[in-house]
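Listed below are the residues making up each chain.
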Amino acid sequence: MDHGPIALLGFVALFGLMMLRMPIGLAMGAVGVTGFGLINGFGPALKLLAQSPIRTATDAGFAVIPMFLLMGAIATTSGMSTELFRAANAFLGRFRGGLGMATIAACAGFAAISGSSVATAATFSAVAYPEMRRHRYPQSFSAGVIAAGGTLGSILPPSLVLAVYSLITQQDVGKLYIAGILPGILAILMYIATISVIALARPGFLPPGERHGWPEKLRALRGVWAITLLFLFIVGGMYGGAFTPTEAAGMGAGGAFLIATARGRLSLAQLMDCLQKALRTSAAIFSILIGALLFGYFLTVTQTPQHVTEFVTGLGLPRTGVLLLIMLMYLVLGCVMDAMAMVILTIPIIFPVIVSLGFDPVWFGVIIVMTVELGLIHPPVGMNVFVIKSVVRDIGMGTIFIGVIPFVITDLIRLGILIGFPIISTYLPNHM
Amino acid sequence: MKRALAFATVAERVAGLFLAVVTVLTFATVVLRYAFSIAIPDSYDLSRNFLGILTFWGIAMTGFRGEHIKVDLIWGVLPPAGQRALDALSTVFTLLCMAVFAYAMATKVLGEATSGETTYDLNLPVWPFYALAWSGLAVSVLLLGLRLAGQLRGTAETPVPIALSH
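Those protein sequences? They're chains L and G, same order as listed.
Quick note: to get the numbering used here, add 719 to the position in the first sequence (first position is 1).
Quick note: to get the numbering used here, add 97 to the position in the second sequence (first position is 1).
Check each hint, because a few of them may be wrong.
[Unchecked claim] Pairs of lysine to aspartate or glutamate, DMTMM-like flavour, derived with a Cα cap of 25 Å:
{"no.": "1", "chain 1": "L", "residue 1": "766", "chain 2": "G", "residue 2": "142"}
{"no.": "2", "chain 1": "L", "residue 1": "1108", "chain 2": "G", "residue 2": "184"}
{"no.": "3", "chain 1": "L", "residue 1": "766", "chain 2": "G", "residue 2": "209"}
{"no.": "4", "chain 1": "L", "residue 1": "1108", "chain 2": "L", "residue 2": "935"}
What the hints contain is simulated information worked out from the structure, not anything from laboratory work.
Only chain L is shown next, with the shape it has when bound in the complex (with noise of 0.2 Å):
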């Protein structure tokens, strides 16, 4: 039996229950529930809405997710993310446009510990914005470099949207890690190169930066030795697979409490408030990938995946063809939906048509990671735009977005560069 009509009719249901603003997870796995009830029946439905979560909800990889989440929150409230932008201003601040370089810097650093785009973003809202407005950066600019270096959190390790995709595509999240940093670094060295180029275009637009002695860097770096050598030990370790990824989640976040109780930077009540955050995001992303996998089960019956795939490969087009427009597709999906949503909705349709024209999965992560991302800083919905608009209440939503268009073209470029050379994605996965 052709299950095409109810595989579309879960489809329209699903979108219409989103733009009616229906939590994205209990929409998804409400469809699913139900479309898998019409084709199987309603008691095979319920035998899966009993089995399928609660599996979910105790799978040991899963506890990446609010470990890792655990470890920046504890990194955020002890205010690593301060002294990681005072020692990247004293090395970088020396430059026209050095604060703005420093910021790019301080996020990548955080990113590292925190794992997400939109933390970034909003921690970096409060520390580095007021300080680049002292300096007279203009508004867009400050605005823009906070909302590119905050996506830095979705591709350095441990990024949460890696984990999920990980996750779903039954992929290695540490390979996945690891097949971030260097397109991370890309990422770091484009963004501050094209801060440079706006220096170098515009003389005026951006002030002279300021000289910082040794003795200053010097005490700067105090401040940071402690959490940059916990971030190697993480993904050395799970280089060297001296633990798993879970395990590694676990270090971090034990690793981060130590170094924050050992300088005596969190309090008792602090800590319950980072495991209240780090439970809050956490529950929010797992009842989205609850609600996924029990809609990937309804994709099954209907066959939709195979379907997808057949549809796309008999188009004709090439492979880089099929994957221009599948990147092309999330650009607009970006539009009107968040980074991690959309990676969950779409990733189990898209992935086997990824995997049947032989592109790497590894590889493949990252390209779609750093896809999604442009959604985090692409108008209108931009959800790296909206954090920053929420925490620096004087500036417009147009002067973000006009202030993140060098990044946007900054990113489009470095997409170009990594699908160019997969080996910059592949390298280091490789040789592990």
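Given the structure of chain L, go ahead and fit chain G onto it with the hints provided.
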């Protein structure tokens, strides 16, 4: 409604403690393995079952607070009355979903209790962990009912939104 919000905060804090336990277990497992070649009995099973509890309670309280990830495209352009109507509709939808989910999960808990599944090392029965996870769903149905009543009367407090980190 104020009491319900206070209860949700306490429930989240308790669920947060489960996260602390999972983290400590994971941390200690690695340290003890490399430092003393010692394995904590059932650390794997305990961690994943605690993860289930904290996740279900977290999802339940997030649903009650209306803080699940949503698309704001249409909601953002509606007048306040329209926004309130969509908020109430969202609560009804969440309530229905959680009620069906709680019912299905209850059958799973009963099934586990009769099957007698235990953990690997310590032979602890698994069903109490599942029952604790399920209780979060059951409580959320009650809390969502309260929230809906508040929204219909126009007395519901808007929960303070959090910055979702992903």
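- Task: Output the numbers, in ascending order, of every earlier hint that fails for this structure.
- Result: 4
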